[in-house]
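Colleague: Add chain B with the ligand to chain A, keeping to what the hints say.
If you're matching them up, the sequences are chains A and B in order. Read in order, the letters of the first sequence correspond to residues 1 to 144 in my numbering. Read in order, the letters of the second sequence correspond to residues 1001 to 1388 in my numbering.
Derived by calculation from the structure, the hints in this document are not laboratory data. Ideal placement from N, C-alpha and C gives every residue a C-beta, glycine not left out. Among the hints, a few may not be true.
[To be verified] To list a few chain B residues with every Cβ distance to chain A over 12 Å, as calculated: (1) Q1017; (2) V1064; (3) G1070; (4) Q1132; (5) D1162; (6) K1184; (7) R1254; (8) Q1265; (9) I1276; (10) G1359; (11) K1364.
[Claimed, not checked] Derived BS3-like pairs (lysine-lysine); straight-line CA-CA distance at most 25 Å: (12) K24/A / K5/A; (13) K1155/B / K143/A; (14) K126/A / K1155/B; (15) K1364/B / K1316/B; (16) K1364/B / K1320/B; (17) K131/A / K143/A; (18) K41/A / K126/A; (19) K1003/B / K1235/B; (20) K74/A / K1155/B.
[Stated by the list, open to error] Listed next, the stretches of chain B that the computed footprint assigns to chain A, with coverage defined by at least 3 CB atoms under 8 Å from CB atoms of chain A: (21) 1134-1142; (22) 1202-1216.
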Amino acid sequence: MGKKKQADDRFKKFGTVSFTSITKINDFIQYMEDGKVMATKCKDCGLIFFPPRADCCQCLTSNMDWAEVSGTGKLVTYSKLEYAPVGFGDDLPYSIAVLDYGDYKIFGRIASDVPDEEVRVGMEMKTIVNKLPNEQLNYVFQKV
Amino acid sequence: MGKVAIIGVGQSTFVRQYPGSIRELAFDGFKEAMQDAQITAKDIGASVICSAPEYDKQRSPAGVFAEYLGLNPQPTFYVETLCSSSSMGLRLAYSLVKSGLHDSVAVIGFQKMSEISSAESQERMGRGGDIQWESPFGTMMPAYYAMYARAYMEKYGTTPEDLALIRVKAGTYGQLNEKAAYRKAITMEMFSDPENRMASPVASPLRTGDCCANADGSSCIIVANEEKAKAFCKKPVWIMGTGAATTAVNLAGRDLFSGLTVAEQAADEAYKMAGITAKDVDVAEVHDCFTIAEMMAYENLGFAKPGEGKDLIQGKETYKEGSIPVNVDGGLLSKGHPIGATGGSQIRTVVLQLRGEAGDIQVKDPAIGLVHNIGGVGLYGNVTILGR
Ligand SMILES: [Zn+2]
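Next up, chain A with everything else stripped away, as it sits in the complex:
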């Protein structure tokens, strides 16, 4: 028997609990380690995908470039959770939200240091990489 090839399971670092370990866009995690949140852009049709995809279903190709999420988006909606699913209780309370960048939207959390009373639908926010207490990585929305 030959030596078993090491699986690229970097995606298990994503979020408080990751339910995926192996994906073709694992470099997303490397970018996050470097402080960047990345989308993918189809080289054939120019569509930008967030969450990033390995494949373009419009062109049926997999010619993707990475493209950094930059600038600000508008807060579309959010909700503050008082209960959490199994595995997330230590994070409570936290708010999940959607941010609209125009070409794409991002689903994530609002940064825990943003006071509730300052959160408004329509406010401009930016997406930043966040290190969780359990050493996992996610991204959060911060005031600008």
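Modeller: Quick look at chain B with the ligand alone, frame taken from chain A:
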């Protein structure tokens, strides 16, 4: 090609904890539907089993149920679209009968949610979203629907009290439904009392009173072709239209947050097939997993213009005596929501209404009924239109 009918309906009592196994649970709904149709297992050409995965340990429940219910050697199908599984099962049964492949089909929905804890259940339901890009943030159903509620209330100025009115209506009729898990009256005072459980926040802006609860339950709908329906059944109810749609699983892939596009699209397809409009509907069952879901359904189905759903509930137009009675069986909010069984229970209610057999909750002489059943957070939409 002949018409397709519903000739029998049944459901188990929905309960917090069913004292039996999943096959025994399925038997309860099946038995009632078979007795209602006054047929035997040999009259059934095929079965369609509907549930959401991971609440119990049985892999491939369809084969197990087919045997337990006496439906061997007929073929069986398994259908899963989360909370709308049994409405999607009905759509499959419709096409199986319409095509002539089978002359009658039993659609059996079930869910035994009590085998796992409530927090585990929230984790499973959360994984009905995008497990790669949403679930790692700690998502759960109430929070997803709360995000719709936030966007909706922001856009239209609808208040938490408007949403509470929907729960009060559900409680009014839940008391009358002996199959419902929650049969207590709910008042607006409960929502304004911070000490009351109804008023406790779950995921802002939704409160406990805005949310349906898990339940164990089963349902069964017997579908037959026109010839068989006329031979077996004094009061067949006809499937006039069926609509279904899908959208992006991740909320980031959606454009509308003040309504569900899948409901609009499924309604559009169903209305066209039936040759009717929203005005022709006499009674409706809508997917009120949360109060906001019923509010959006009013508008997505065309009962109210966008933003005017609150006028319907404030004016009691969706009560039994109103212009468009909705969820007069107490809805999911009172019955409980055993995922895979829910659609079949909604269909059962509308069939009983159209037959004039709905008892205390009978709406005056309805000719056309509608069922709106949503899977996931507006991921799957099913609308079915039934007529006498
Ligand atoms: Zn492309």
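Colleague: Could you work out which of the previously given hints the structure breaks and list their numbers from low to high?
Modeller: 4, 7
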